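Peer 1: So you can see what is in the structure, the chains are spelled out below.
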Amino acid sequence: MEARILNLKKYFDKTRAVDDISFGFSAGQVVGFVGPNGAGKTTTMRIIATLDDPTHGDVFLDGISVIQDPEKARRLVGYMPDSLPTHRDVTVDDYLDFFARAFGIRAPRRRAVIDQVEQFTNLIGIRDKFLKALSKGMKQRVSLARALIHDPAILILDEPAAGLDPRARIELRELLKALAEHGKAILVSSHILSELGEICDSVVIIEKGKLLHAGSIDAIAQSRPYRTILIRVKDAADALHARLLELPAVERIRPLKDAVEVDITGTDDDSGELMTQLVKDGFKILEIRCLKADLEDIFMDVTKGELN
Amino acid sequence: MQTPSIAARLDDFINPIAVKELRQAVKGRFVAAVLILFLLAQLIIVGCVLIFNDNIGQNFQLGRGVFGGLLIVLLVTCVFFLPAFTAARFAAERSDTNVDLLFITTLRPAQIIWGKTIAAMILVFLFFSAALPFMTVTYLLRGLDIPSTLVAVAFNLLLATICIQVSILVGALPGSLLARGFFFLVGLGCLICIFVAGIVLADEFTFGMGVTTWSFWGPAISTVFLMLLGTGLMTMLSVALVSPPSANRALPLRIYLLFVWAATAILAAIWYLVEGDREFWEAWLVMMTLLFSACMLFAVSERHHPGPRVRKRIPRRLPLRILAFFFYSGSAGGVCFSILMLALTVAAYCSLAAAFPSLWYDEESFRFSVTFSLYAIAYLLSARDLKQIFFKYKPAPYTALFAFLLAAFGAVTPMIAGFLIHANTWHRISPLWYIGNPFAVLWSDLGVWPECFWFSFAWATIMFFLAIPWIVRRFREFTRLDALTLSDTETADG
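Chains as they are written, first to last, in this note's numbering: chain A, 901 to 1208; chain B, 122 to 615.
Please keep in mind that the hints were generated in silico from the structure rather than gathered at the bench.
Among the hints, a few may not be true.
A short, non-exhaustive set of chain B residues, derived as facing chain A with CB atoms under 10 Å [claimed, not checked]:
#, residue
1, N136
2, V147
3, A368
Computed from a predicted model, the values in this text were never measured in an experiment.
We treat Cβ as the ideally placed atom computed from N, Cα and C, and that holds for glycine.
Turn these sequences into a full structure, and let the hints guide you.
Peer 2: Printed below as a string of structure tokens:
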């Protein structure tokens, strides 16, 4: 199972919401889809979910075009929008039953499918509650259950963690990991990059509708032109800051309480020479550690924060 | 593998939307509350008559009076409460999110509308069946015959069906709260008209309209046929409104309009041949003029470029492509379709008038249809051009708003100018000041038909010729979009 997004463009009059982006993801992968507000994430996801048609380009889900054959493509996609279900006078069970019927799941199997999905998303205890009585976290789980009801191979999740408390967020993370282990191909957008970093194998970064980066987080981190090092010294953080400013390999300095984070350009040898220089200068170094770039660092490096 | 039971098969056969709607109705309080009030009202009416009427034995018309009272309660419920319930629920669900969720299932827009209709009609049947025991009592009170009662109930059931369809159409309309409020008022106006019609007709039926004669069944069948066509039109419009913008929304609607045009023409022909009644022809002419003018209003407000999903279904062969241009979604094709149908309507009337000269007895409706068609073309194409020049990046539906504003301006401003110029009196205004008003020809005492005709003809012709390059450009772009293949993605893998 594979999803391929090919030269996708979507224009709204003068606005280029999505501007020629191409990427792919496959079964068992969790791909983070990140970008500033208005970058074109939701538009792209809606096109993949067959809700909008592109101005140009196409999306192939297991070889099926979302333009040519949207009905077939819909059976392969589970879409979870960034807003929650608002139906009145509907219980969780009735809501899922409705979508099971809507996807044509027949009566003998339907009950078993609903039970299975409710169990997986931990909704058994609240299946008879009305949707309007649920908390946001519970509604998110209902929304995920709805997206899973027809056992889609591809999941498109738009801001699933928005507004969730830490516990609900951890639960969601575990659910996504379990789904990936079940072989689902997952595209998930979120503004909580630390969360995404923990569950995603790879990431797609867009800004102003354009694709900036697509690939594994490690590969993108390694492609950064500098490394970040944390240096903690005894009683001389200010002096260290002043000394580092004089060194040519230092790109950026972020002072912390009793240490500094330094972005250093150049090779390993250059970094080694810098450390040697600091020791020669008489700084009593308590700790020195190379920091692994996380998704937030990568995102800040890659994007400029421009809006469409 | 377990074989599904008959009940399970039946369960699968039912429209999912209908199941959901009925579950919601059962679990909500509104329907239960209205049903209790309804039964209470019926009980009070029948009970009061039986308890407080001293001369039941002598009054041979008592049953009819009570039946009328019960029918009013039934009509109020089925014409106001149930449609309001249906429209409010649908409008509340018509948020982008909920509609999106429906579109990512395999349900089609038509199934959504059918599901809503079925669920609402089941509630209507529930209330009718709750009313029937009380109505049976009225038969025992005398003054009614069974055929008239059945016809009255059946006719009111039909009216309730139309009301449900009006409510679904109102509920399906997109737009802001203000726009929805406006549509709600329009819908309410329709419901009030239907309610009054229902009361009047029920009264006519129960007074013994002669339901066994052709003079009853002839007009009745025609009216029912027209009502069904209207209900069908509202259903098609609702389906088009809930369809995603990327779908070929116009195709089923335009095919249905063509069917309505032909079916009503045949009905008018039958009436003319059987009864020698030309009024139906005049009504057909006027109604088709209004219908296709409205069609053109929708067409100018459509998106100019059909989406890729529509374009991938455009036929390759030129004759079929030309045909598809008229019927597929797209502003230019819609405008051409509307103008063609307006022209065909007038041409059909003229041809028949040539064959049957007695049709020309009253030229008023012909004059109105011709000038109104020309004004519609002139105003709508002007609005389209103005929108393109001054508000190019506003969404296409704004064209309809500009058209209304332009028509209001064109109709009212010259009249006010004339009023001010001619010594502040309406009586001395020259009829020429009414020339911008599409309805001016209806006021025969003004005698402005030739002026209105030539003015609207000249204006519509100019606007049409100005629109030709746009239509040609759109037709050239109306080509089949060749599908990308998966092999193309080999170079595009991120």
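Peer 1: Look at each hint and say if it fits the structure.
Peer 2: Taking the hints in turn, this is what the structure says about them:
Taken as an interface hint, B:N136 checks out: its beta carbon lies about 9 Å from the nearest beta carbon of chain A, inside 10 Å. A cut of 10 Å between beta carbons decides the hint on B:V147: the least distance to chain A is about 9 Å, and the hint holds. At a threshold of 10 Å, the smallest CB-CB gap from B:A368 to chain A is about 9 Å, leaving the interface hint in force.
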